[in-house]
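Trainee: Position 16 of the sequence shown, counting from 1, maps to 16 under the UniProt record's numbering, and the rest follow consecutively.
Hints listed in this document are in silico derivations from the structure and should not be mistaken for laboratory results. The structure displayed is predicted, hence computed values, not measured ones. Ideal Cβ placement from N, Cα and C applies to all residues, glycine included. Wrong hints could be hidden among the right ones.
As the list claims (entries may be wrong) - Have a look at the derived ranges for each label pair, beta carbon to beta carbon:
no. : residue 1 : residue 2 : range
1   : E586      : S418      : 33 to 39 Å
2   : N282      : R350      : 20 to 26 Å
3   : K566      : A208      : 28 to 34 Å
4   : G448      : D567      : 50 to 56 Å
5   : G448      : K537      : 27 to 33 Å
Unchecked claim - Cross-link-like lysine to aspartate or glutamate pairs, in silico, EDC-like; alpha carbons within 16 Å at most:
no. : residue 1 : residue 2
6   : K582      : E559
7   : K150      : E266
8   : K582      : D561
9   : K371      : E98
10  : K380      : E232
11  : K537      : E500
12  : K279      : E266
13  : K240      : E266
14  : K371      : E571
15  : K397      : E559
16  : K244      : D205
17  : K431      : E98
18  : K479      : D551
19  : K78       : E20
20  : K306      : E266
21  : K244      : E232
22  : K477      : E464
23  : K542      : D490
24  : K380      : E266
25  : K397      : D385
26  : K371      : E570
27  : K177      : E236
28  : K275      : E236
29  : K275      : D330
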Amino acid sequence: AQPHPSLLYGTPGDALSAGEADHWVHHAQTVIASAKGPAITEALQRVDRHLRMRTVIAGHAVGLADAAVWLALRAHEKELKAQAKALPHLTRWWRFVEGLEPMQKVAQEFFGAHKDAGNMEIPLPGAEMGKVVTRFPPEPSGHLHIGHVKAAMLNAHFATQYEGRLLLRFDDTNPSKEKGEYEEAIIEDLKRLNITPSSVSHTSDHFAAILKLQTRMLEEGIAYVDPSPQEEQKKERMAKQENKYRSQPVAENLRLWGEMQKASEEGLKCCVRAKIDMKNNNGTLRDPCTFRTNLIPHHQTKDKYKVYPTYDLACPIVDSVEGVTHALRDRQYSDRDAQYEWFIQALRLRPVNLWGFSRINFVRTLLSKRKLQWIIDQGKADGWDDPRFPTVGGILKRGMTVAGLKQFILSMGASKNSNLMEWDKLWNFNKNVIDPTAHRYTALLTDGLVPLQLAGAPAPFVAELALHPKDASLGKKVKAFAPRVLLQADDAAAAAEGEEVTLMGWGNALVKGVHMDAATGRVARLEGALHLQGDVKAKTRKLTWLADSADLVDCTLVELDFLLNKDKVEEDDDVEQLLTPKTRYEYAARGEAALRLL
């Protein structure tokens, strides 16, 4: 076995795991990578069997063997996905390893880059290495939520994959809704997500240029100023009818445009509209609004402007001007792609590639910033980072990892499906990430603890146990052992005289007696005997336990329910009627002494 200073060759100081790593590196390069036809299935099945009781290929931590097998299997990814149900252990390992950024670096260092490494088979049309520029353009009107996470991570992913740049641009075109404090919150959320943009800008940085382009549109007769009421404009759009202002002279349009910029009484009644096609079946092309007046001071430009561009106009202009090559957009608004292209062509701007992705929709989840704020104001949540909220702060506070989030987002690839998803799917990705490194501690609910007296057990003692049963490198904890241990009430209730059980972290025991409480009908206490020669791998019930001692730690276990009681929330639903009456539950528990060191 080759010596190596890091964990790449298995567990340090363990020649067996180092030899095992060598074997799998060789096997990956000579057998797995070159497999063809039926041999592919055979190779996949062998790895699946190997991983049945393992988290990683060799040793107790991700290493070179994992990188070698991962890279070799990429040549057979199509077959792996087709046989996923028959390969549960390999599939679990694949998803875990696929989301680890260091794996791609290790694989490239030892075996060379793979053409598909790390891109999760997500195509990006027109992408060139070193030339891709993406952008994440949030509106500074609230905190980032799970929907924003997908957009941010996909943009960051493509920028990294193609060695390009990610721009963070605040879409600050509506001073009625936006605040500087939200910009700070968004930047902080991106830091939590390990996303570092190449630059930060504002749409408002380009207001002067956008104003000039709007004036040019009016001069060229491809836009007009409409003073008619908004409701009337809406009816005309629905009926595909043009109004009289559409054909008014350029001079009149420019005059009214000047009144809008001065915010005069006449100007405040007007908006500017692009002259596209009022007969088009695509409603977004029926002369959309491009500028409107607003007297509320802007958090960046203060009271410099009285007119502000709509997102529809500003987005293609700023994308083009800032050098964006690929604009990732929510497929829910795909009708607006034609509108985006129209502005690019009409204004003779550099074209931008549009790439659509499906939005994330979770059951019993509310993403409306206004409605989430209402829940906070009513005292139903503790703030934007409440662990019941779908915000970045909320889900991270609840225990989500950035790696788990990224694996989940990239696993959806280029899917255009927008079906409602269960939160369990996301949390399963998180479990795969934290399971290999999460320290194990024991706590039992205080209510109904049942003592088990063990005959043949030694006097009380303490011993060091690994914090993780499969990875000794994560450290150790001190655990107490005693002839009298405590069990959870449910475990005790299922006990049967003569049954052999496994006390996790100790060994097997035989149940000798079950004593009931006549008043409650519940198990009051158990008698048993240690049976350490028993097989802990046998099909026995695995019981968590605590030594009955005065050194136990008082704990509070918190369980959170969904804030809403309806799976699919509609736009016009009354949030107050959807709120779950009680969503936070606290339970008293006793925990092992090692918890004091947390």
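Trainee: Against this structure, judge whether each hint is valid.
Mentor: Taking the hints in turn, this is what the structure says about them:
1. E586 / S418: 33 to 39 Å: Distance hint for E586, S418 holds at roughly 36 Å.
2. N282 / R350: 20 to 26 Å: With Cβ atoms ~24 Å apart, the hint holds.
3. K566 / A208: 28 to 34 Å: violated, 46 Å
4. G448 / D567: 50 to 56 Å: Given about 34 Å between the Cβ atoms, the range is violated.
5. G448 / K537: 27 to 33 Å: For G448 and K537 the Cβ distance comes to about 29 Å; the hint holds.
6. K582 / E559: holds, 11 Å
7. K150 / E266: violated, 43 Å
8. K582 / D561: Distance ~8 Å between K582 and D561 Cα, so the pair holds.
9. K371 / E98: violated, 36 Å
10. K380 / E232: Answer violated: K380 to E232 is near 40 Å, above 16 Å.
11. K537 / E500: Distance of about 12 Å is within 16 Å: holds.
12. K279 / E266: Measuring from Cα to Cα gives roughly 29 Å; hence the hint is violated.
13. K240 / E266: Given that 16 Å is the threshold and the Cα spacing comes to 26 Å, the pair is violated.
14. K371 / E571: Distance ~10 Å between K371 and E571 Cα, so the pair holds.
15. K397 / E559: holds, 13 Å
16. K244 / D205: Not OK: K244 and D205 at ~35 Å, beyond 16 Å, violated.
17. K431 / E98: It holds: about 14 Å lies between the C-alpha atoms, which stays within 16 Å.
18. K479 / D551: holds, 11 Å
19. K78 / E20: violated, 27 Å
20. K306 / E266: holds, 13 Å
21. K244 / E232: Judged against 16 Å, a Cα distance of about 12 Å means the pair holds.
22. K477 / E464: holds, 6 Å
23. K542 / D490: Judged against 16 Å, a Cα distance of about 13 Å means the pair holds.
24. K380 / E266: Outside the cut-off at roughly 45 Å; violated.
25. K397 / D385: holds, 7 Å
26. K371 / E570: At roughly 12 Å apart (the allowed maximum being 16 Å), E570 and K371 satisfy the hint.
27. K177 / E236: Given that 16 Å is the threshold and the Cα spacing comes to 28 Å, the pair is violated.
28. K275 / E236: Holds - the C-alpha atoms of E236 and K275 are around 14 Å apart, at most 16 Å.
29. K275 / D330: Between K275 and D330 the Cα gap is close to 25 Å, so the pair fails against 16 Å, i.e. violated.
Comparing the model with each earlier hint shows violations of hints 3, 4, 7, 9, 10, 12, 13, 16, 19, 24, 27 and 29; every other hint is respected.
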